[in-house]
Amino acid sequence: MDFFKRYKPGFLDYRNQVSGMYKSLFNFKLLWKQSIAITLAVALLPLLILTFIDFKISTQAMESEILLRTARVVSNARRTLTSYLEERKFALNFLTLDNTYDQLLDEQRLKQLLDNLKSGLGEWSDLGVIDHIGIQRNYAGPYALRDMNYSDQDWYKKLSYSDAASFHDAITMRSNISDVFLGFRNMPHLVISVLHSNPIGLDWLHYVLRASLDIDHLNNILSHLEVSGDGDVFLINHQGIIQTPSRHYGGILKPLPLAVPPPSDHTEVVESQDHLGSQVIIGYAYITGTPFILMVIKQKQNLMKTWYETGSTLLLFLACSILTIVVVVIGISTYLVNSIYQSDQKRLATLHQVEYANKMASIGRLSAGVAHEINNPLAIINEKAGLIKDLFTFRQEYKGDIRLIGLIDSIIAAVERCATITRQLLNFARNIQVSLQKVNLKQIIDDVLEFQTKEAGYRSITIAVDIADDVPEFVSDRGKLQQVFINLVNNAFAAMEDGGTLKITGRLGSHDKTIVITVSDNGCGIPQENIKKIFEPFFTTKSGKGGTGLGLSITYGLVKEIGGEIDINSTIGRGTTFIIRLPLVYHGIKGEADASITG
Amino acid sequence: MRVLLVDDEEELVSTLAERLAMRGIEASWVTDYRGALAQVEQEKFDIALLDVRLPEMNGLELKRLLAERCPAMKFIFLTGHGSEEDFRACSAESGKEYYLIKPVQIEVLVAKLNEIFQQ
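Which chain is which? The protein sequence lines are B and H, in order. The first sequence lines up with residues 1 to 599 when you count with this note's numbering. The second sequence lines up with residues 1 to 119 when you count with this note's numbering.
Bear in mind the hints are in silico, worked out from the structure with no lab data behind them. The structure displayed is predicted, hence computed values, not measured ones. Think of the CB as a built atom: it goes at the ideal place given N, C-alpha and C, for glycine as much as any other residue. No false leads were slipped in.
So the derived list for chain B, only partly shown, Cβ under 7 Å to chain H, looks like this: (1) Glu383; (2) Lys384; (3) Gly386; (4) Leu387.
Derived DMTMM-like pairs: lysine to aspartate or glutamate, alpha-carbon spacing no greater than 20 Å straight-line: (5) B:Lys384 x H:Glu107; (6) B:Lys384 x H:Glu10; (7) B:Lys513 x B:Asp469; (8) B:Lys384 x H:Glu18; (9) B:Lys118 x B:Asp106; (10) B:Lys8 x B:Glu536; (11) B:Lys438 x B:Glu561; (12) B:Lys300 x B:Asp274; (13) B:Lys389 x H:Glu11; (14) B:Lys384 x H:Glu26; (15) B:Lys359 x H:Glu85; (16) B:Lys384 x H:Glu11; (17) B:Lys33 x B:Asp13; (18) H:Lys112 x B:Glu416; (19) B:Lys389 x H:Glu107; (20) H:Lys112 x B:Asp390; (21) B:Lys384 x H:Glu9; (22) B:Lys389 x H:Glu18; (23) H:Lys74 x H:Glu93; (24) B:Lys384 x H:Asp8; (25) H:Lys112 x H:Glu18.
Taking CB as the label site, the calculated pair distances span: (26) H:Glu11 x B:Ser510: 57 to 67 Å; (27) B:Glu473 x H:Ala67: 35 to 45 Å; (28) H:Met22 x B:Asp401: 12 to 22 Å.
Take these sequences, add in the hints, and give me the full structure.
Next comes the structure, spelled out in structure tokens:
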């Protein structure tokens, strides 16, 4: 707080109390606030708007990039799965065409075919031949499933003979891919089956060649897909039952906790919320000719993570920029407004001094005029009284009357007193106008105090003057010095109670180049917070008591004009000391010193 | 020593002339420049005591006219005004020691007159 107080610009405390010609031209606080507000608005608004727009566009670009990538993954996976299943379907079709029913019923042959399929197309679990009533007539594979009745199985029912094939007199084949189910072996698997219908005379030979696939094979295909953002790839059937294991949405044959996406011929990508409320990107595709829907579910939070990290770095940069701009704008505005404030204060101070000088010049002319007007009648009184005295003195008959002579002497003494006053007035008036001359410090102080002795007497104020003997005469502006002392002495008188002490000292300063003069009183003192402002124009603690707040401001200006400095020391309740340092050698404007040195 | 007193205050010059006379100094007095010019035509004066502010013509101009007519004449300015302009003008005209401000003590005036007359 102390730091702030010390460097607090003056205009923040400024109150424009006066009106008229000494009114300040500006409302500095308002000017300061406006300047900060406008500059900040102009600097920050475009920055904020641009940053906001850029952030929006980047986020959108990022999001559409994510959607596009998801769509690509789904589309690729769909193609792979479709061709994987189609291949197997075609292989079975080929077997029914390449082998007769009887050949297929041969155990060795079927085993041979399974081995061929495995070596040609990879993963097959088993192979079986089911007759037209649903009994498995031949079987090759690791389970004992021969003679099992499949007539109740869903996939078998879907291949019933009643339709299509019955009306054609050619070999027809209908194939089917089943959902994943447990079946007799109690292991999740899916079945690819081909219904082979062959006209034999008027009758038909119907049989079904079926092969089952472990879902591990499908898993392998799906797990090799590269899916970013903690993505989950799995299959569901049209009823929403999970067909291959999912990392986040449940095990095989469990219902998917999300809604089944609406049917579509194309790959689709949508944004949604999952059952836990997280934002997810769902890519899906209906795999044609199968009961499967390929699901790719990615956590949006994870996908956007990198972007959010970059975003927060940018946000930090934005915050730093804003902070810098704010600090610089406030700093510059404060500096500029303070400069305006200071020059305005200087303007006002100059205005006061000009007015003060004019006032003093008017007083000078007025006192000279008054002195003249009074001096003439005084001179007449003086001469008349003098004549009477002369008559008494020169003529013998009045000589004896001592009392009359005494009366005349009183009149002449009174005239002399009046003459002294008018001479002081004239002296004062003359010194206002005289600029540089050799001055005697003690003489000036005595002249000033002469006007104050009466008041000092009435108020029992002791005046002590102590001018060191080694203080020489020096060149300065006598009139200005006189005004400085008049102001300081008046000030001290105003600060003191009756019975106080005014002390004026003068001595040579350091290196004998300056004269240090102190004017001390033992009056009320000045509070610390006012000391800084004491030389400011219109600052007064005597408002309402006739103080204008100009005395010390003018004194300060006068001391500066004659090349000196003025300082103040004050303690509340103990009094105030003004210290003036004047140069022994006047460094005025060149030529001025020679212009008018008059005795 | 003959002295010419010029001041528009008749009360002042007449009394002053009488007092100077009592001290053995012959003094004539007039109240304007016409009187002064007429007076120097008739008599010869050693010193003129001029008021700076006179009606119609000021003391400085009168001094120049008188000095043309009587080159030997010396001048003292007496003024009630004491302004800086007066002081400078008079000092420039005759030197600052010939400048007195009213009211002046008769002893001071006599001393000054004697001093100038001696020169």
